[in-house]
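Asker: Residue-level listing of the chains:
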Amino acid sequence: MEKKDILLIKELQEGIKLEKRPFLRIAKVVGCSESDVIAKIKAWLTSGTIRRVGVSVKPEASGYICNALAAWQVPEEQIEEVGNGIAEMPEVSHCYERETPKDWPYNLFTMIHAKTQQELDSIISTIKKKFALTNCRIMKTLKELKKTSMKYFNEGENDL
Amino acid sequence: MDDKDREIVRLLQTGFPIVPEPFKALGDKLWIDEMAVISRLARLLQKGVIRHLGPFFSGTHLGYSGVLAAMDVEPKKIAQVTEVLSKKSGITHNYLRDGSPNVWFTVIAKNETCLKSLLSSIEKETGIKDVQLFPAKRLFKVRVDLE
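Protein sequences appear in the order of chains A and B.
Anchor point for the first sequence: position 15 equals 15 in the numbering used here, and the numbering is continuous, going up by one each time.
Anchor point for the second sequence: position 94 equals 1094 in the numbering used here, and the numbering is continuous, going up by one each time.
In case anyone wonders, no lab produced these hints; they're calculated from the structure.
Note that CB positions come from ideal geometry on N, CA and C, so glycine has one too.
Check the hints yourself; a few may be wrong.
Unchecked claim - Here are the computed distance ranges between Cβ atoms for each label pair: (1) A:Lys146 - B:Gly1063: 19 to 25 Å; (2) A:Met89 - B:Lys1124: 22 to 28 Å; (3) B:Glu1125 - A:Pro101: 17 to 23 Å; (4) B:Asp1005 - A:Pro101: 42 to 48 Å; (5) B:Glu1074 - A:Gln117: 44 to 50 Å; (6) A:Ile138 - B:Val1019: 40 to 46 Å.
Use the sequences and the hints to build the structure in full.
Answerer: Have a look at this one:
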């Protein structure tokens, strides 16, 4: 990645400032034009380097206080269908197939958000029924201990 | 949070306008003026309802390595482990969950070597040897607006 791109990423990941021309300010810092910044963001959105431009919301602030990591045992030949199927559910924010340690048979990881325990239970039973899954581990979120966004290309990163 | 706030948040989950005057563009969609959009967003950010406004980068596209990790920590050691993990910039998420293992966290580093050394520094500093790793094999969904 070019030096200027890295500079732009470092500036962008600090967030978009609340001002009339936020991309113009970033352009001045990086040393390019406002339209360069805009073009670059669009290109990165297309390539997937930027997943999305927008807001992240604290789940609790929107009433999602009952959250769980649910890991499912899904046979490899069904993973595509089940993974894509669960991914379509709006209550599910994350869905990954993962490699697992030897004693851990649950290979499909999903993050489920609900407003009440009852709602959470019903989402889980819907998934079980819809995809004929029996083995799972439901790990309710008891406490958020840390939540930040990664600062890429930062000085002193990974200082141990 | 009133209906207009909710509308702003909903609109911004689909996408922030990538144009020279984005807040004006948002205002036009919401039938409010640019300054009203800005002051509402300022309040939502200040209250912590919105955590971040901007682009969300994909670590893998930038060449970074990441893994989901978990370890079993006895209740009296949780505060100490949390402190170790909180200081490290490569640990972006850390949650206490029920069951065993109970501490689940994500580790991001600029390459595999750095990832390994970050993990071994965690084992060393927490005194917990059996950190279990769950590397992603396939991504089906990640929706960063709610996490």
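Asker: Kindly confirm whether 42 to 48 Å is satisfied by the beta carbon distance between Asp1005 of chain B and Pro101 of chain A.
Answerer: holds (44 Å)
Asker: Could you tell me whether the CB distance from Met89 of chain A to Lys1124 of chain B stays inside 22 to 28 Å?
Answerer: Taking Cβ atoms as reference, Met89 of chain A and Lys1124 of chain B lie about 40 Å apart, which means the hint is violated.
Asker: Just tell me: holds or violated, for the beta carbon distance of Glu1125 of chain B and Pro101 of chain A against 17 to 23 Å?
Answerer: holds (22 Å)
Asker: That 40 to 46 Å hint for Ile138 of chain A and Val1019 of chain B (C-beta), does it hold up?
Answerer: holds (43 Å)
Asker: Should the hint that Glu1074 of chain B and Gln117 of chain A are 44 to 50 Å apart at their CB atoms be regarded as holding?
Answerer: 26 Å Cβ-Cβ, so the 44 to 50 Å window is violated.
Asker: Taking the Cβ atom of Lys146 of chain A and the Cβ atom of Gly1063 of chain B, is their distance within the range 19 to 25 Å?
Answerer: Holds, since Lys146 of chain A and Gly1063 of chain B (Cβ atoms, about 24 Å apart) stay within the stated range.
Comparing the model with each earlier hint shows violations of hints 2, 5; every other hint is respected.
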